[in-house]
Amino acid sequence: MNDFLTLMKPELVITGIIFLLLFIKLGKGLKNETMLLVIQVLLLLNFLAGFFFNAEGTLFDGMYLTTNMIVLQKNILSLGVYLISLLFADWFKKSEHMPEFFMLMLSALLGMFFLISSGNLLMFFLALELSTIPVAAMANFDLDKKRSSEAAMKMILSSAFSSGILLFGISLIYGATGTISFAELPQQLNGSPLQILALIFLFSAFAFKLSIVPFHLWTADVYEGSPMAVTSFLSVISKGAVAFIFMATLYKVFQPMHAIWYNLVMILSIATMIIGNLFALRQQNIKRFLAFSSIAQVGFILLGISSNSIQGTTSVVYFILIYVFSNLAAFGVAAAIAAKAGRENIDDYKGLYQTNPFLSWVLALALFSLAGIPPTAGFFGKLFLLTAGASKGSYLFIIIAALNMIISLYYYLRVIRSVFMDKNDEPLDKIKIEPSAKLGLMICAAGIVLVGLLSWIYDYIQNLV
Amino acid sequence: MPNATYIALIPLLPLAGFLMLGIFGRKYFKNTSGIIGTTLLLVSTVLALYTAYGYFFEYGKVDGIYQKLVPLKYTWLQFSEGVSIDMGIILDPISAMMLVVVTFISLMVHIYSLGYMKGDERFPVYYAFLGLFTFSMLGLVVSSNIFQIYIFWELVGVSSFLLIGYYYDKPSAVAACKKAFIVTRFADVGFLIGILILSFHSGTLDFNTLIATLTSPETAGYKSAAAASFIGVSALTWGLALVFIGGAGKSAMFPLHIWLPDAMEGPTPVSALIHAATMVVAGVFLVARLFPVFAISSPNALSLVGYVGAISALIAALIACTQTDIKRVLAYSTMSQIGYMMFALGVSKYGGEDGLGFTASMFHLFTHAMFKALLFLGAGAVIHYIHSNEMKDMGGLRKYLPITHITFLIACLAIAGVPPFAGFFSKEEILLAAYEHNPTIYWIALITSGLTAFYMFRLYFNIFWNKEAHVHGEHKGEGGFAMMMPLVLLAVGAAVAGFIPFGHFVSSDGKRLETAFHLQFSIAPVALGLAGIFIAMWMYKTENNKPDKFAASLSGLYKATYHKFYIDEIYTFITKKIIFNLIGRPAAWIDKNIVDGLVNATGNGTKDISEIIKGFQSGKVQQYAIYFLVSVIGLALLFIYWWK
Amino acid sequence: MIEPGLYHMLFISTTLFFIGVYGFFTRRNLVTMLMSVELILNSVNLNFIAFNKYLWYDKMDGLFFTIFIIAIAAAEAAVAIAIIINLYRSHKSIDVENAEDLKY
Amino acid sequence: MNLSLLILLPLLTAVAVLLVRNAKQVKVAALAGATAQFVLAFVLLFAYYKERATGNAAQMLFEQRYNWFPSWHISFHLGVDGISVAMILLTAFVVIAGVLVSWNVTKMTKEFYFLLILLSLGAYGFFISLDLFILFFFLEIAVIPKYLLIGIWGSGKKEYAANKLALMLMGGSALVLVGLLGVYFSNSAQSFDLLQLSQLNIPIQTQMICFPLLFVGFGVFTALFPLHTWVPDGHSSAPTAGSMFLAGISMKLGGYGCLRVATYIMPEGAKEYATIIIVLSVIAILYGAFATMMQKDLKYINAYSSVSHCGFVLLGIGMLTKTSMTGAVMQMVSHGLMTALFFAVIGMIYERTHTRQVSEMSGLLKRMPFIITVLFIVGLCSLGLPGLSGFVAEMTVFMGSWQHPDAFRRVATILACLSIVVTAVYILRAVTKTAMGPLTAGFEELKDATWNEKLAALILIAGIIAIGVAPFWLNDLVSPGAEVIMQKLSR
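Protein chains in written order, with our numbering: chain A, 1 to 465; chain B, 1 to 644; chain C, 1 to 104; chain D, 1 to 491.
One thing to keep in mind: the hints can contain errors.
Below, computed lysine-lysine pairings styled on DSS-like, alpha-carbon distance capped at 27 Å [claimed, not checked]: (1) D/K157 x B/K592; (2) D/K110 x A/K423; (3) D/K110 x D/K296; (4) D/K157 x A/K423.
Don't read these hints as lab results, they were simulated from the structure.
Produce the entire structure from the sequences given, and follow the hints as far as they go.
Written out as structure tokens, the structure is:
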């Protein structure tokens, strides 16, 4: 029992919060502002709680497992959710169903926690669905917007289809090996064609969630149509969680088939970077733009994953931590502008610097970090991913990745140019930023600057592997 | 040993003048700058005379041979072991002689300019530039290191550039200064590469060591230089020939002479100093400095020097006969006389009696400095008076400018080689040397000497006789004491300098050389000279149409010479048409369209691809699912069947 | 009468899978597409059951998995239907081709 | 001497610039910071001399090392030798001049100075890094400020130019990165430490791949043909101080990298590729010079001439002799000072005449004697007049290049020598047209330089003359560094 409490503490806390919200909602006694504040405090506590009373171990006959690394990964996700609750305060306050939104979001987060901790394909499947279905509902949260429902429709249908493929793959694995436990699977894997087929079916589900080319096509549409908070949740939290479990699965479960998945990861990584960048080049809508840029980022994550080493794990976790800060900062700025001015196009940002220097600088920092420009943390994150990937010694792979950094720089600079350089006779008015959003942006900015320069963070992560 | 400080002060004083006047002149020395510059130079001159006296009569001679002393030397830039640029002073007969010539002529010009440039708004700048030039020229003549000479070589080039462009708002002056700089610069590349070759083989840049290495066949440097060859010519000869190209550019030898006539756009005293007496003989000086190497190790290079000199002398003399701008006539005459000095070196051998050409060349350099400076300063006085350079605006000036007239006549006689004026003696030695060693050159020289007399007296008669003067505007007289004093002093020099027993002091090997005087040999040149004078007198003494008729009868030759044999046009063609249109323009075009175009094409291509593939993101969820399934199956096939 | 073996079952389930896929690809009606997905899931269920029965009858993993898939499918369908209803409100149609604003 | 000061000082200046309130305080803060850097650079120089005088023969002086990312074996390792000291001096000169010249910037003054200082931070950091990771870190830090400087404060096709510059430089640094990773994984120690790497022998196959990557990558920064096309557009669109920093400092990062990183740690690769380097640099020298001849805009003239002049840097490196490499470093210093001054002068002229077209100006000497005198000096320096820095550097390169007796390198040297004529042609065309001739109508009321411009010009001129008249101190500073590289090469 004690084991149960400590090992499943993150999930229990989240569940507790969900129920708390449910009761509050039923009580109908709180104004939106107060409610949001309560939620923010709860999420902060949830994040902080992640640092205490942690233990390593397994539960339910190996279906659930946790290690310090997994706890860290969960903490990163909690941090992201906390930041989301801060950054999109504007939108939350206006929303009629805010507690529901958070309930859904936390449910999804709960699903992700289980996902990361899963030690069994059944657990994995359940957690994956738990982390997907609420998000589809969230995507439809702008109930009166056509695009929102279209996005939700695309999301739920695509993910249902992808689940079908995944399940088919799992059934093949089960058929081929007779087990669905992560611990037992490696002994049964021998690289037979059926297993390769199963691997690729399984892989496609990960690829779908991570938006790896060519399984990425839903991403941009859903990102664009969904409310900004959902977009950022999808692109940061959801991706982070799947990247963690993806890496764990490849490294631990499919280690015997390493030679095969290395090639798979490599070619898809290249494709993802290239396609993501090429599409990002021509986007006008900031959300769609960030969607494709995040696809390109996933290409880099794959690069780190391909290294199949401790350094790979460390650098991916490190990168996702940085990615949380950078991408959320970018979305936060976009949300602040969208909430007050209703503009989502990059061209609308022209001359932003004249009226909103704070937002402009945060946006610049975020984009530089995404582009991997020092001294922002993104530089270190990307560099370590590249270094980890390079340890396999494939120059071509690294050169393509490095050249992709240039394409990505081009489009990030396009936004910078709009913000800082282009003349605009009617720039956006001075935007009054919500205090909590401002706090969120500052945390992100601090994170972007410090996570890279403070090298002990990296070492801390590495010591957990 | 000489006192190095004194010698170092000779060039450094003008430098101090340059810095002082250049930086503070406009503010503090608006009116006094001329005096300051002149005073500093006077001190330099005295020191130079003192040094020369000391060298020639006290410590220079050891065992009857004038030594090459290096009283001062410090390392300026160390390239590698043994190869370094040193800043130093070498003292040998020619540098001592040049010190005197340069300081003296410069002093004369400084004094003269006090009158000539009076009232000019950039007076301090003018004196600053004169100071810079004098410094550079003095630095050049005392250089102990071949790279040092190159450094000062460039510096005299730039001071010449600055002084030619002194009247900077005159477009012709701007064009001239540019041309002068670029043409000499072009030649300097040859010099530079020559230095590289010589220094590579000799392993040093120091003159004394370099000469010692490259003249003794047993050294490794000599062997490698003689053995290495390129299209059949040894590296040593290449090196020397390239060095000579540098000298030819500075000394306006054919075909690099085109800058010199244009350089007359500068103030006339500047022309006297730089483009007549000192800088233009730097090429001669350079060859003389390396003379042992030329003469002992590479006779081929030396005969190149001889022929280039001879051809230049003749061509310049021909052109001078038809020019109407008096300064241009003098410019071509300068070129012609330098040609003399060059071929005198070219026909000389090293040591003893055979080294007569060397002595003669240096002697001519010395006397030429006197009378050519005098001619220019005289011409300056005329221009000062009449405000024109054109012969057609002149005539009958002997009444108005008596002192100028007399001094100018003395100079003309000197250059024409009429005894007993200075030019006679030096030219006679040159002709003798040529006669003894190279008949072709001798005949060219002889013809040239006749032409020289003709065009000089054409000039003289056109200015001072011919038609009656029609002077308009106010009378300014001859320009006062400041302008007349140098004329007189130089005239004295031009008249008596020939009596100096030059061979006693300057000879190819430092030993005393007795120069005999051969009466019977002198008859031909003197007679030719006198004939030239009389023809000029017949044609130009009074206003008549003989010159026109004469020109018409020789119209082809006349036209060709009047247009300076179209050499300028050829150069214009090469630079404008070939270098600009065939190299520069394509380079710029390639850069803009191909190199840059490729860079831009990369960017645009990426965007185009992005546009082409946008169809995959069709917005149809069913198509997404199709791609999904196809990819899964495709990857599965790829990994199961092909990429195990 | 032949006793149905593993291969028969797999054949049926694969057929079912592709029928589902085909339906998903070609049907314009969102509800029908959802039903096609259900077919896919059912083919997987069949697979699990078959594998469990014929190959790994000593372990119950397949059976459990099937039960969970059914449950999840229900949940998924519920959310999907809710979304489709909402889509109908805004688009006045449940034809998938009417919801293609988001593209490129 | 604590080298971290060189990073901390710009950092503090940048923070100060951000914190103060109005534009005037910003300028004062920036100038104070720049002056402090200037002083610090000289303190470093004398500390260096003192240390050497006491007989400290270590390759790098004032070393400092802190662990940074221990799991990657990355340490914050600083140290200087003569070459670095020379480059730091150059940076300090250009920074103070750039700050002075920008005194009239009114648009977003605070941001402008912040970015300038940030750029200088990158440069200092780059020159003192002994760990390739932090070297790369500082290299990239210096890119984005340039982009913003050009894009915001520039003129003409500024956005195009800024983009091109940022992308090409980042492309260069991407190649550098790949090269560094190759080096990193090829050595058993898996180290980024320069000194450690120089002790190891990197396998020849790695060198064959990584040397070109590193050399071309750094080469982009220093206008390696044909990757130089960012130079003309970038320089001509940048604001005055931006151009000065770009040409004066930023391009030198590349040259330094080519020498210190590529050539030093991969000598076999350098020998193998020397021919190609020489060919490319000679092309850059001549082709840059000829292309310059056809330019009509003063800034383009100087930008293209930078391509030509930086060719000498690469030529010096490619020739692989001690003298030529010394010459390459001297050329970097000389060209940095000279071109910064040139851009400063062009900026001053532009501020007054509002044109940079040579054909639209004439006779300016009459109205602005100081500025035009400086223009003459810098022009003469550019065409290699003795007594000014350009001559010394170019001659050292030539002398070094000539030490090879083979025909190919001879021809290359001769061709490079020929460029000095072309240089004379374009410089004189531009300078005489601008300065001399009759004064253009409408320019009668132009004023001469103000105090800040005079000071900036004098500082740079002082540097140019200090090298030109007394090159031995720079030579003595640089050549031991080149000697170390030669030892590694000849091993």
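Comparing the hints with the structure gives:
1. For the suggested pair D/K157 and B/K592, the alpha carbons sit about 14 Å apart, so the restraint of at most 27 Å is met.
2. For the given pair, D/K110 sits about 19 Å from A/K423 by alpha-carbon distance, which is consistent with the 27 Å threshold.
3. Our distance criterion of 27 Å between C-alpha atoms is broken by D/K110 and D/K296, whose separation comes to about 33 Å.
4. Only pairs whose Cα atoms come within 27 Å are accepted, and D/K157 paired with A/K423 is accepted, the gap being roughly 14 Å.
In terms of the numbered hints stated before, the structure departs from hint 3 and from no other.
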